[in-house]
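S.K.: The chain contents come next:
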Amino acid sequence: MILLPLDIINKFLVITQTLEVIPTVKAMAEFLNAALHELIGVKSIYICHEGQLYTSGNEDIPHDASLCKTSSYNGGRCSIPENYGFKVINLRTLKRNYGYMIINVLNTLEYANYEPFLRNTSNVLARILENRQITEELNNAVETLHYANLSLEVDVIAAQKKAHFGTFTYESASRQSNWSLEMYKIWGIDPILEPPVYTELANYAHPDDYQCFNDDIRASLEQYTSYDLDIRIFHPDKTEKIINIIAEPILDNAGKLVKIRGSSQDITERKKMEQELKHKNDFNLLIMENIAEGLSVSHTVEKHPYVLFTVWNNRMTEITGYILEEINTIGWHNALYTDIQQQRRAIKRMEESRAGDNLVDEIWEIISKAGQKKLVSISTSTITDTNGLIHVLAVMDDITDRKKTENELIRASHVIEQSPIMVLITNTMEEIEYVNRKFTDVTGYTLNEIKGKNPVILKSDKTPDDVCEELWIIITSGRQWRGELNIMRKDGIEILVSVKALPLHDTDGDVTHYLRLCEDITDLRHLEAELRQSQKMEAVGQLAGGIAHDFNNILSTIKNYAYLLKTSFNKEDAQLVSFIDSISSSSDKAAYLTQSLLGFSRKLMLNLRPVNLITIVAGMRTLFESFVREDINVRLLMSASEIMVYADNVQLEMILINLVNNAMDSMSEGGVLTIKADITTIDNNFIESHDYGTVGDYARICVSDTGEGMDTATTERIFEPFFTTKEVGKGTGLGLATAYGIVKQHNGYINVHSEAGIGSTFTILLPLIKSSEAPVEIIKPAAMKGQGETILLAEDNDEMRNSVSQLLRNNGYKVIEAVDGADAMLKFDEHSTDIAIVLLDVIMPRANGKVVYDHIRDAGSVVKIIFLSGYSFEIVKTQDISNRLEPYIQKPVNPDVLLGKIREVLDQW
Amino acid sequence: MEQNYKADYGFVPDKYPSGTHMCHIYGSSEERRQVMSKFVESGLLAREKVIYLAEVATEAEIGGYLEDLGLDVSEHIKSGQLFIDTAMKGYCPDGRFDAERMIEAWRSFYKKADEDGYTALRGTGEPLWIGEKVPGVESWFKYESFLNNLLVDYPLSGVICQYNASKYDGATLYEVLKVHPLMIVKGQILYNPLYVPTDEYLAKH
Chain A
1 MILLPLDIIN
11 KFLVITQTLE
21 VIPTVKAMAE
31 FLNAALHELI
41 GVKSIYICHE
51 GQLYTSGNED
61 IPHDASLCKT
71 SSYNGGRCSI
81 PENYGFKVIN
91 LRTLKRNYGY
101 MIINVLNTLE
111 YANYEPFLRN
121 TSNVLARILE
131 NRQITEELNN
141 AVETLHYANL
151 SLEVDVIAAQ
161 KKAHFGTFTY
171 ESASRQSNWS
181 LEMYKIWGID
191 PILEPPVYTE
201 LANYAHPDDY
211 QCFNDDIRAS
221 LEQYTSYDLD
231 IRIFHPDKTE
241 KIINIIAEPI
251 LDNAGKLVKI
261 RGSSQDITER
271 KKMEQELKHK
281 NDFNLLIMEN
291 IAEGLSVSHT
301 VEKHPYVLFT
311 VWNNRMTEIT
321 GYILEEINTI
331 GWHNALYTDI
341 QQQRRAIKRM
351 EESRAGDNLV
361 DEIWEIISKA
371 GQKKLVSIST
381 STITDTNGLI
391 HVLAVMDDIT
401 DRKKTENELI
411 RASHVIEQSP
421 IMVLITNTME
431 EIEYVNRKFT
441 DVTGYTLNEI
451 KGKNPVILKS
461 DKTPDDVCEE
471 LWIIITSGRQ
481 WRGELNIMRK
491 DGIEILVSVK
501 ALPLHDTDGD
511 VTHYLRLCED
521 ITDLRHLEAE
531 LRQSQKMEAV
541 GQLAGGIAHD
551 FNNILSTIKN
561 YAYLLKTSFN
571 KEDAQLVSFI
581 DSISSSSDKA
591 AYLTQSLLGF
601 SRKLMLNLRP
611 VNLITIVAGM
621 RTLFESFVRE
631 DINVRLLMSA
641 SEIMVYADNV
651 QLEMILINLV
661 NNAMDSMSEG
671 GVLTIKADIT
681 TIDNNFIESH
691 DYGTVGDYAR
701 ICVSDTGEGM
711 DTATTERIFE
721 PFFTTKEVGK
731 GTGLGLATAY
741 GIVKQHNGYI
751 NVHSEAGIGS
761 TFTILLPLIK
771 SSEAPVEIIK
781 PAAMKGQGET
791 ILLAEDNDEM
801 RNSVSQLLRN
811 NGYKVIEAVD
821 GADAMLKFDE
831 HSTDIAIVLL
841 DVIMPRANGK
851 VVYDHIRDAG
861 SVVKIIFLSG
871 YSFEIVKTQD
881 ISNRLEPYIQ
891 KPVNPDVLLG
901 KIREVLDQW
Chain B
910 MEQNYKADYG
920 FVPDKYPSGT
930 HMCHIYGSSE
940 ERRQVMSKFV
950 ESGLLAREKV
960 IYLAEVATEA
970 EIGGYLEDLG
980 LDVSEHIKSG
990 QLFIDTAMKG
1000 YCPDGRFDAE
1010 RMIEAWRSFY
1020 KKADEDGYTA
1030 LRGTGEPLWI
1040 GEKVPGVESW
1050 FKYESFLNNL
1060 LVDYPLSGVI
1070 CQYNASKYDG
1080 ATLYEVLKVH
1090 PLMIVKGQIL
1100 YNPLYVPTDE
1110 YLAKH
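If you're matching them up, the sequences are chains A and B in order. Reading the first sequence from the start, the letters are residues 1 to 909 in the working numbering. Reading the second sequence from the start, the letters are residues 910 to 1114 in the working numbering.
In case anyone wonders, no lab produced these hints; they're calculated from the structure. The C-beta atom is built at its ideal place from N, Cα and C for all residues, glycine as well. Treat the hints loosely; a few may be bogus.
With a Cα cut of at most 25 Å, we get these calculated PhoX-like pairs of lysine-lysine [said to hold, decoys possible]:
hint	chain 1	residue 1	chain 2	residue 2
1	A	Lys500	A	Lys462
2	B	Lys1095	A	Lys26
3	B	Lys987	B	Lys1020
4	B	Lys1095	B	Lys947
5	A	Lys459	A	Lys438
6	B	Lys1076	A	Lys26
7	A	Lys26	B	Lys1042
8	A	Lys95	A	Lys26
9	A	Lys43	B	Lys1113
Computed footprint of chain A on chain B; a stretch qualifies when at least three of its residues, placed anywhere within it, have a C-beta under 8 Å from a C-beta of chain A [claimed, not checked]:
hint	region
10	1072-1079
11	1100-1111
Label-pair restraints from in silico Cβ distances [stated by the list, open to error]:
hint	chain 1	residue 1	chain 2	residue 2	range
12	B	Pro922	A	His235	47 to 57 Å
13	A	Ile134	B	Gly1026	51 to 61 Å
14	A	Glu269	B	Gly1096	49 to 59 Å
15	A	Glu38	B	Ser1048	19 to 29 Å
16	B	Lys1042	A	Asn123	34 to 44 Å
17	A	His235	B	Gly1096	42 to 52 Å
18	A	Asn123	B	Arg956	45 to 55 Å
Required output: the full structure, derived from the provided sequences and hints.
M.R.: Listed below in structure tokens is the structure:
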């Protein structure tokens, strides 16, 4: 054995270690060549590795790679001849040959010394090459396997993990279970533990799911059935999970169970999501079905009904009466619109909305299934689904009632606005928020002018402040206030209004506004004053009427006896005659007085006939000129030749005389008296400005003077009975009152306009009549002597009866006297054939004149009857006498008038 | 700097005297990383100045290079304790290798490190460019051999010349072994029996 030198050994180590680092065979060859070249005798080294020659030398070595049998070189041939000077050392391990080193030696002897070294080097090289190859292959395999396994494992693991999906098997023979990692995780079991026994898996289940699961496990083992269950399980830590477990038996060819193969998936989240989704869907459905509006979704289809509804909530059914199926069967346009024109409009509008022209609170009238017309408000929008199909989402609101309420509110507001009563509404700060039209019409203030102001601005000075304060206190305490206030119109005119003020409450009972309802009662108060005045005059009239009756009888008696005296004694005694004349004239004056009393109280019995006013006035010219003072200029102005009125000419004359007298008295230092008669018209303007009158044409008589005139206070009272501006004893105060009453009885008007220091004008208006009615001639009393006719005189007043009887007898009549109505009927029955005429007092005890009249007529008698009465016309009218055709004579009776009337009646009929 | 300083290289348990010149022939970057990262770290920890001439094309790649080594040395670079540059720029600043200049550069580095108060200076470089036709490359191994003499007067704590076995031919690798007294193989510092003393080597070349 040859021992190698140490340096060579050391070199060997270095070479060995370095060769392990050198990555290529070529580089190894180069290194070896450089390293071993310095060995004595070694020229160069070449390596042939698996047929590839690696060299760094320059020598050309004949080499045939095809002859290199490195893998099985056991005597195989190398192309290099043995005796070429190269030594070939195999690079061979136990496993295989990897090639050989070719040593070019210069000295074969030295080579022999180095051969062991070189052979060891080649062995090392061979091992290195082998190790590299093995390592490489191993690395490749490991890498491949690693990546394959890694890839597979990763994929499987990743997939299982992602899907929370685990797999298991149960071997029937060994009763062993195999679980995947995810399976452990799903069941919450530590993977280091043995998997649970398949037959005991149900122990992990929720008590409610245990039986079912256990039964399926048993069935899979005994009956070889598969199962697919969703069950709840509990992890060892009590966590509840929902899992799906699928198992299928695997059988062998003999039909015997080999194993159970299955999978498990944690579907807790999925179930939770499903539950949430379901809950959400249910909730959405609930919302959809319970919203206050109707909701529908539709899209077009090619065939009938052309528009298919996919959503039609309960409210739609409530509104329309149709369910979804009906709408889709009948067709929406047919169902909801019976009028063809409406259908077409609706279809067109639906198409427009589908194109994007959405409806926004459009009001349409539809017909419900029950045939009811309904007003609905419709809004639409479009939805495009993932397939591009356009759906129309419609929201419908039934506004029928709302509209009705709105209309009612509008109507109510119209009522308020057009109310004949003034309406004023303030807020709680007493700022005016609303006034109606009547308020504006009456006060002149528009809402804009008065809005925001306090109603106190309307108050006039006549209304005390404390009244307003009281109003405010009462309404703010929640109560109503009623009263009257004087307020100022915008034009400054003061009016009187009745006010009802009250608070307005909202539905919570809180006061939100104050309401004032006002009525202009200015005219009402005037009318009330007039009524009171007329009632006063009525009372006076009744008093006067009562007095007048008795007075009339007394006067009649005085006049009759004065008449009889005058006709019975020696008329040559002038003084006696004057005494009798005085008696007669005084009784005339007294009679005039009673006439006046009856006149101003309108109780006088008028003898109304068509008369020409011009004739009356013109006929009084002479009279006026005779008694009017010379310092007064009298002017008569008449615009027409004929002005026809219904009037009692006697009374008219009396009025004119009265007015002229008053005019004369006012012109103490002379002046001008003008009497004008013309025609005028009362229209609405006249009525509004004068505050009296009825529309129509009127005869107008004006009596004007240039006297001292009267102040306002005097003119306001001038027509009051017993009111006088004259000294005591100079006037009774009944003249104008009488004139007023008589004019009123003529359905006319009398008024005065006076200015102090300028004069007065009295104006009388009498309704005009057509001139076609012929005026009646004033008939003068005819001859008065009787011719022995028998007169039945029924008069309950003894003095009156005696005086009239005496008068009649003295004038050639026979008289049968009756003391009352009953007596009159008795006497008539006894002497009916003798009686030529009956004088009946209207008012008698036991039976009045009417009863006697009826008795006479019922007896079939056509005897002539004249009624007499000292009572007022009103009372006579109540006796139903006024409409009789029989003549009537007002007491006190003028003897001539009486005799003339009797004669006239006896002669005319 | 301390005269009898013994350096810890980090990848071997023993400490070595200053002036140690090693070649590191490595077969993989992991192998290199394991040695070089420790070499740099241990030098920085010992407050030595470290010179690293890295085989990267540009300075911009130095950060990534250091990251590959697993070194977070930005502060050391900022402070100047670690000087790292491209090998091309370090060895051939003007595109050619000048052994004399390089030797002088080491002298300057050593003096500067001493002036700056460092405990020692260590250096490493990757002369991959010697496989290319860089002007002056023919004097590379002479330079490497001469380094052994330089380190006597300028005893860097350690010099590692890095050689990737896959980048050089076998003959070059053998040459590398000739000029380095010690060699690092598979993380082990070994005595290199193939070393040829500088004088002898320079005489032959």
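S.K.: If a hint holds in the structure, say so; if it doesn't, say that too.
M.R.: Each hint, compared with the structure:
For the hint pairing Lys500(A) with Lys462(A), the CA-to-CA distance comes to about 18 Å; that is within 25 Å, so the pair holds. Restraint check for Lys1095(B) and Lys26(A): satisfied, since their Cα atoms lie roughly 21 Å apart, inside the 25 Å limit. Between Lys987(B) and Lys1020(B), the direct Cα distance comes to roughly 20 Å. Compliance with the 25 Å bound is thereby established for this hinted pair. Taking the CA atoms of Lys1095(B) and Lys947(B), the gap is near 14 Å; set against the 25 Å cutoff, the hint holds.
Only pairs whose Cα atoms come within 25 Å are accepted, and Lys459(A) paired with Lys438(A) is accepted, the gap being roughly 18 Å. Among the hinted pairs, Lys1076(B) with Lys26(A) is consistent with the structure: their alpha-carbon atoms are about 12 Å apart, no more than 25 Å. Pair hint Lys26(A) plus Lys1042(B) holds up; C-alpha atoms about 21 Å apart against a cutoff of 25 Å. About 22 Å separates the Cα atoms of Lys95(A) and Lys26(A), which keeps this hinted pair within 25 Å; it holds.
For the given pair, Lys43(A) sits about 19 Å from Lys1113(B) by alpha-carbon distance, which is consistent with the 25 Å threshold. Coverage of a stretch by a chain is defined here by at least three residues with a beta carbon nearer than 8 Å to that chain's beta carbons; for the region 1072-1079 of chain B and chain A the count is 5, and the condition holds. Counting residues of the region 1100-1111 of chain B whose C-beta lies closer than 8 Å to any C-beta of chain A gives 4; at least three are required, and the coverage claim holds. Checked against the hint of 47 to 57 Å, the C-beta distance between Pro922(B) and His235(A) comes to roughly 52 Å, which is consistent with it.
Take Ile134(A) and Gly1026(B): their Cβ atoms lie about 54 Å apart, and the range 51 to 61 Å holds. Distance hint check for Glu269(A) and Gly1096(B): the Cβ-Cβ separation is about 52 Å, which falls inside the suggested range of 49 to 59 Å. Roughly 22 Å separates the CB atoms of Glu38(A) and Ser1048(B), a value that falls within the hinted 19 to 29 Å. In this structure, Lys1042(B) and Asn123(A) meet the distance hint of 34 to 44 Å, their C-beta atoms being roughly 38 Å apart.
The supplied range of 42 to 52 Å is met by His235(A) and Gly1096(B), whose beta-carbon atoms lie about 50 Å from each other. In this structure, Asn123(A) and Arg956(B) meet the distance hint of 45 to 55 Å, their C-beta atoms being roughly 49 Å apart.
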